[in-house]
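Participant: Chain by chain, the residues run as shown.
Protein chains: 4
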Amino acid sequence: MNKETIDKVLKFRDDRNWKQFHNPKDLAISISLEAAELLEVFQWSAEDVNCDDKKDKIVEELADVVNYCILMADACGLDLDDIVSKKIDMNNEKYPVEKAYGCKEKYTELKGR
Amino acid sequence: MNKETIDKVLKFRDDRNWKQFHNPKDLAISISLEAAELLEVFQWSAEDVNCDDKKDKIVEELADVVNYCILMADACGLDLDDIVSKKIDMNNEKYPVEKAYGCKEKYTELKGR
Amino acid sequence: MNKETIDKVLKFRDDRNWKQFHNPKDLAISISLEAAELLEVFQWSAEDVNCDDKKDKIVEELADVVNYCILMADACGLDLDDIVSKKIDMNNEKYPVEKAYGCKEKYTELKGR
Amino acid sequence: MNKETIDKVLKFRDDRNWKQFHNPKDLAISISLEAAELLEVFQWSAEDVNCDDKKDKIVEELADVVNYCILMADACGLDLDDIVSKKIDMNNEKYPVEKAYGCKEKYTELKGR
Numbered sequence: 001m002n003k004e005t006i007d008k009v010l011k012f013r014d015d016r017n018w019k020q021f022h023n024p025k026d027l028a029i030s031i032s033l034e035a036a037e038l039l040e041v042f043q044w045s046a047e048d049v050n051c052d053d054k055k056d057k058i059v060e061e062l063a064d065v066v067n068y069c070i071l072m073a074d075a076c077g078l079d080l081d082d083i084v085s086k087k088i089d090m091n092n093e094k095y096p097v098e099k100a101y102g103c104k105e106k107y108t109e110l111k112g113r
Numbered sequence: 001m002n003k004e005t006i007d008k009v010l011k012f013r014d015d016r017n018w019k020q021f022h023n024p025k026d027l028a029i030s031i032s033l034e035a036a037e038l039l040e041v042f043q044w045s046a047e048d049v050n051c052d053d054k055k056d057k058i059v060e061e062l063a064d065v066v067n068y069c070i071l072m073a074d075a076c077g078l079d080l081d082d083i084v085s086k087k088i089d090m091n092n093e094k095y096p097v098e099k100a101y102g103c104k105e106k107y108t109e110l111k112g113r
Numbered sequence: 001m002n003k004e005t006i007d008k009v010l011k012f013r014d015d016r017n018w019k020q021f022h023n024p025k026d027l028a029i030s031i032s033l034e035a036a037e038l039l040e041v042f043q044w045s046a047e048d049v050n051c052d053d054k055k056d057k058i059v060e061e062l063a064d065v066v067n068y069c070i071l072m073a074d075a076c077g078l079d080l081d082d083i084v085s086k087k088i089d090m091n092n093e094k095y096p097v098e099k100a101y102g103c104k105e106k107y108t109e110l111k112g113r
Numbered sequence: 001m002n003k004e005t006i007d008k009v010l011k012f013r014d015d016r017n018w019k020q021f022h023n024p025k026d027l028a029i030s031i032s033l034e035a036a037e038l039l040e041v042f043q044w045s046a047e048d049v050n051c052d053d054k055k056d057k058i059v060e061e062l063a064d065v066v067n068y069c070i071l072m073a074d075a076c077g078l079d080l081d082d083i084v085s086k087k088i089d090m091n092n093e094k095y096p097v098e099k100a101y102g103c104k105e106k107y108t109e110l111k112g113r
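Protein chains in written order, with the numbering used here: chain A, 1 to 113; chain B, 1 to 113; chain C, 1 to 113; chain D, 1 to 113.
Heads up, a few of these hints could be off.
Since the list gives no way to pick one copy over another, a pair counts as held whenever it fits inside one copy or between any two copies.
Below, in silico cross-link-like pairs of lysine-lysine (DSSO-like), each with a Cα-Cα straight-line distance of 30 Å or less [what the hints assert, rightly or not]: (1) K99 x K86; (2) K55 x K11; (3) K19 x K99; (4) K57 x K19; (5) K94 x K54; (6) K3 x K86; (7) K57 x K104.
Hint data in this document are derived by calculation from the structure and do not stem from the laboratory.
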């Protein structure tokens with residue numbers, strides 16, 4: 001995330017003295033709760049629903065998920081860009097292109113190919 | 001997110017021709033599933049568990065959540081830094097410092113103060 | 001739930017002396033985690049996927065969700081049949097048939113009709 | 001679940017002609033969403049929060065989770081008491097008392113004992 005975004009999220013937290021509540025377990029709960037609010041946008045929707053119909057709600061809820069991810073990263077001394085980049089490197093091993101191309105199975109199912 | 005991170009995530013997806021599966025509803029489901037895997041790290045843990053005990057798992061699962069957030073943003077033409085920044089602006093209205101300082105209630109509960 | 005089922009679930013817990021871990025917060029987390037494992041069965045699936053294709057996994061994960069609901073009910077002194085029955089009575093008010101027939105909107109959206 | 005409870009849930013659904021929306025994928029999503037609403041009751045709460053403080057909300061949200069489990073079972077031709085009972089039998093193998101007594105690790109972690 002850009003430094004300005006992170007600083008803005010942390011300033012919001014610290015202006016309100018909310019860091020005291022932000023233990024990793026409750027932050028993980030919060031990420032799940034916001035993820036559910038994002039998923040709720042699509043409850044009963046057809047798979048081909050497009051983003052435009054529900055743009056405002058998607059924007060609002062996705063922002064909440066990422067907001068808590070930034071707070072979790074700060075609580076655990078992590079850099080989100082760094083951990084995502086390293087996870088992609090790891091996934092490049094788990095899902096080699098020659099096995100994964102065009103397939104949606106999890107790597108455990110790809111292993112046999 | 002940094003442009004390099006986003007490009008890396010999208011390249012991983014496109015090398016494998018996986019964009020075809022990435023409709024917003026299934027991406028929202030995926031964010032929820034990864035959020036649950038992160039939460040599972042803390043199942044049965046005391047609230048004062050610190051990040052160090054479970055660092056590797058937290059890193060892995062948090063990266064997966066953010067990875068899908070990047071994919072969701074791309075599917076809906078959104079910029080994560082931009083939407084988070086605007087949400088903070090909105091929250092500054094919902095949770096004014098003078099009402100929210102040191103309190104964990106949701107804004108609906110703060111409204112009466 | 002039938003008394004035999006409930007007794008079986010509680011005996012399993014008590015044989016292993018696991019009640020000590022079953023505070024309501026961690027039980028609520030557990031219900032969420034099992035719900036996510038059930039949802040994972042349908043990740044990337046078309047909406048018209050039918051139960052038969054994935055029967056074994058659905059059975060396994062749905063059983064886990066209900067198992068934790070039974071444990072939560074026991075921890076809070078609740079009867080699942082009783083609370084579900086009363087909720088339906090409440091929902092009969094929220095979603096009157098004349099407004100709700102054939103519509104999938106939440107009651108807040110139905111209120112205006 | 002008692003037959004009266006199940007019949008009441010299904011009648012509520014059928015009076016409103018809502019079965020058309022109840023494909024297994026969306027029901028699984030619904031179970032997750034209701035599980036999140038139950039978990040939200042405990043967001044920021046201490047682990048030793050007891051049920052009485054939050055009884056009404058717990059009752060309401062737990063009822064919603066179970067309501068959707070009943071609907072899922074009906075959609076897939078399952079009996080909740082039956083599948084829970086069989087899952088306990090399976091868990092009796094996975095978590096033998098002599099290995100699991102007083103321990104909260106998952107069975108994969110117990111296997112080495």
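Participant: So which of the earlier hints does this model not fit?
Facilitator: none
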